[in-house]
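Trainee: Each protein sequence line maps, in turn, to chains A and B.
1 is the number of the first residue of the first sequence in this note's numbering; add one for each residue after it.
1 is the number of the first residue of the second sequence in this note's numbering; add one for each residue after it.
Warning: the hint list may mix true and false statements.
Each pair of labels, with its calculated beta carbon distance range [to be verified]: (1) A/216 with B/187: 57 to 63 Å; (2) A/80 with B/262: 54 to 60 Å; (3) A/23 with B/65: 52 to 58 Å; (4) A/88 with B/134: 46 to 52 Å; (5) A/49 with B/177: 57 to 63 Å; (6) B/103 with A/80: 26 to 32 Å; (7) A/257 with B/32: 30 to 36 Å; (8) A/51 with B/126: 35 to 41 Å; (9) B/129 with A/28: 47 to 53 Å.
Covered, in the sense of this in silico footprint (three residues per stretch, anywhere, with C-beta under 8 Å from a C-beta of chain A), are these stretches of chain B [as the list claims (entries may be wrong)]: (10) 51-62; (11) 107-118; (12) 306-319.
Straight-line C-alpha distance at most 27 Å; calculated DSSO-like pairs for lysine-lysine [stated by the list, open to error]: (13) A/156 with A/20; (14) A/227 with A/239; (15) B/69 with B/126; (16) A/227 with A/26; (17) A/227 with A/20; (18) A/20 with A/239; (19) B/69 with B/129; (20) A/156 with A/171; (21) A/239 with A/156; (22) B/129 with A/171; (23) A/171 with B/69; (24) B/336 with A/227; (25) B/336 with B/317; (26) A/171 with A/239; (27) A/171 with B/126; (28) A/239 with B/317; (29) B/126 with A/156; (30) A/84 with A/26; (31) A/84 with A/171; (32) B/336 with A/239; (33) A/156 with B/317.
Hints listed in this document are in silico derivations from the structure and should not be mistaken for laboratory results.
Just so you know, even glycine gets a beta-carbon here, dropped at the ideal spot from N, CA and C.
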Amino acid sequence: MTLRCAIVGSGNIGTDLMVKMMRSDKLQLTALVGIDPASEGLARARDLGLDAPHEGPQWILDHADDIDMLFDATSAYVHVRHYKQYAEAGITAIDLTPAARGPKVIAAVNLTEHLDAPNINMVTCGGQATTPMAYAIRRAVDRLPYCEMVSTVASKSAGPGTRQNIDEFTKTTSTALREIGGAELSKAIIILNPADPPIIMRNTVFGALPEGTDHDAVLESVYDMEKTVSAYVPGYRLKNQPVIEEGPYNTPGGVVPHRVVVLLEVEGAGDYLPPYAGNLDIMTAAAMRVGEAIADHREGDSA
Amino acid sequence: MTDKATDYRLIDSTLRDGSHAISHQYYAEDVIRIVEGLDAAGVQVIEIAHGDGLGGSSFNYGFSAVPEKELIAKACETAQQAQIACLMLPGIGLADDLREVRELGVSVARIAVHCTEADITEQHIKVAKELGMEAIGFLMMAHMNSPEGLVEQARLLQSYGADTVYIADSAGAMTVDDVRRRVNALVGALEVPVGVHAHNNLSMAVANSIAAYEEGARNLDGTSAGLGAGAGNCPTEILAAVSTKYGIETGVDPLALMDVAEDVVRPIMPRQQVIDRAGLLLGYAGVYGSFLLHAERAAERYGVPQSEILLELGRRKVVGGQEDMIIDVALELARKHAEQEITG
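Just chain A, same shape as in the assembly (with noise of 0.2 Å):
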């Protein structure tokens, strides 16, 4: 079945999903929803034949009735003040903001846990491109006991949400690699670059490995992980191979021996943001391949 969709917030992530949006057969979007009339991701709606009011939320919630399913590409305050009217209404809300109100999905990892969740949490752009690889670690040995992600972004692609509010990016990074990803303890961490031209986003995981991990089953399951992600972020890779170091590391969970070094990079697909702006472009994609995963359980349900 086709689900009515609209998406709320018309910056950059919203605008961006919006070009993802109109080639996909399973979700229909019908508006862009701003609260700048004057904004480009309206007129960019426009031209493109959608309903780009601008009267934010309450918009949506006077449109109930023909909205199945809604995006939130603002801000986590403006989350948390609607979410509980969206459910109320009966709308299911994919949330890309990081107010965290409903479950956390990472897109390859446990995307069919939450399909009949009202509201779905997509964590943060850092949590999309590394909890997988934090999963793909542990599911190759017997316990990860930490586990730290470094992100980097273009600073040009770091928008005033995540600039005033840096601690809660890497906090809800920080729980997905333990909540979803399976580390028993985590930190994340990350940096903006300013260079001109644009830096390309890049991710490191490092992992702990204790006694006695079987090296290669852990480099295998990074490799397939790299290929999950990218059937859906094309842009998704490892920039060099994963590598294993030798210690000893005198980790928060306890010394290990050895750890694993993944270096990613996530270049964007370019459908409006430019393709530095990875961090975006892997937020908008795995939002997508949740949406599209609804629609299809709701087929599944309905045959």
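Use these hints to put chain B onto chain A, whose structure you have.
Mentor: The following block gives chain B in isolation, referenced to the frame of chain A:
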């Protein structure tokens, strides 16, 4: 606090920036002896944290031997007159870390950020102020921004509530003229005092600090025996001695600082701070000083020259915090070398 009027305030960072040079392996007895010595010598502010700031203990930057908050508590207990400061980088540490160290007795928070990204510090500067701490905005890698650009960033820090604004020559890449132009612009444009944190990769740290003072900087940083990232920091004892010869009142006793450097710090240094090829290359290529030892280890592990790694990091314009790129560069160089051997 010393009652004597001083011409500038000295912040000693042996226990924070010095941590890089010993791969973050400080123990409680080191902290007690260093704080005792600096405190008795009259140093006004003593900074302590993991080298990469609160929360820096990690795979990427190296794990601390002892949890930093235990060491910070020891420093707070030991200091009689000096204030204890902590540094944190938004994106690595959290506002919660500031809350915890405030409880331990830390009264100065230095919020450090790459010199073009000041707007990510608003949340943390405000938290520091709410906690009743002095907040210092700290612009790193200041050679990568123009005097005008730094003024714009410093004004943001000031608008968030920073009580003092620092520029840090994190790559030890600035000449005296570079420092003079930047400090002069900042002092003219800001209402709050200005500070300078110098590194010695080009052998300019003391000269740059004195020049900064002459241009109006009223806060200067040093570390005992120059212990620190890259070829080291501005040595606190030399800065105090040179200041005295210039007739600049520091409020600290240069002889007592020489004793701390010689008797307490040098014995725990794994190596003396010299400007060898790698250290000089950092300043020459403008590379973040803390990359030095990480690059040395990666060079050994992957069999590529450390100097090539540092030069490539400079070309890529990596910023502080991107230590993971050292492994990336080393792997790429190793691959390139292997290909050349096959084709050559």
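Trainee: Does the alpha-carbon distance linking residue 336 of chain B and residue 317 of chain B stay inside the 27 Å limit?
Mentor: It holds: about 20 Å lies between the C-alpha atoms, which stays within 27 Å.
Trainee: Against the 27 Å threshold, does the CA-CA distance of residue 227 of chain A and residue 20 of chain A hold or violate the hint?
Mentor: 21 Å, holds
Trainee: Check the hint pairing residue 69 of chain B with residue 126 of chain B against an upper bound of 27 Å on the C-alpha distance.
Mentor: 22 Å, holds
Trainee: Per the hint of 46 to 52 Å, is the separation of the Cβ atoms of residue 88 of chain A and residue 134 of chain B within bounds?
Mentor: 48 Å, holds
Trainee: Take the C-alpha atoms of residue 239 of chain A and residue 317 of chain B, compute the straight-line distance between them, and say whether it is at most 27 Å.
Mentor: Judged against 27 Å, a Cα distance of about 18 Å means the pair holds.
Trainee: Just to be careful, I want the Cα atoms of residue 156 of chain A and residue 20 of chain A compared with a cutoff of 27 Å; is the pair within it?
Mentor: With a Cα-Cα distance of about 21 Å, the restraint between residue 156 of chain A and residue 20 of chain A holds, given a limit of 27 Å.
Trainee: Take a quick look at whether residue 69 of chain B and residue 129 of chain B sit within 27 Å of each other, Cα to Cα.
Mentor: 20 Å, holds
Trainee: Residue 171 of chain A and residue 239 of chain A were given as a pair; does the straight-line alpha-carbon distance stay at or below 27 Å?
Mentor: Holds, because 26 Å separates the two Cα atoms, which is no more than 27 Å.
Trainee: Check the following: the C-beta atoms of residue 49 of chain A and residue 177 of chain B are separated by a distance inside 57 to 63 Å.
Mentor: The hint (57 to 63 Å, Cβ to Cβ) holds, given that residue 49 of chain A and residue 177 of chain B are roughly 59 Å apart.
Trainee: Within 27 Å, alpha carbon to alpha carbon, are residue 171 of chain A and residue 69 of chain B?
Mentor: 19 Å, holds
Trainee: Mind checking the alpha carbons of residue 129 of chain B and residue 171 of chain A for me, to see if they're no more than 27 Å apart?
Mentor: Within the cut-off at roughly 22 Å; holds.
Trainee: Tell me if the straight-line CA distance from residue 20 of chain A to residue 239 of chain A falls inside 27 Å.
Mentor: 25 Å, holds
Hint compliance for this structure: every hint is met.
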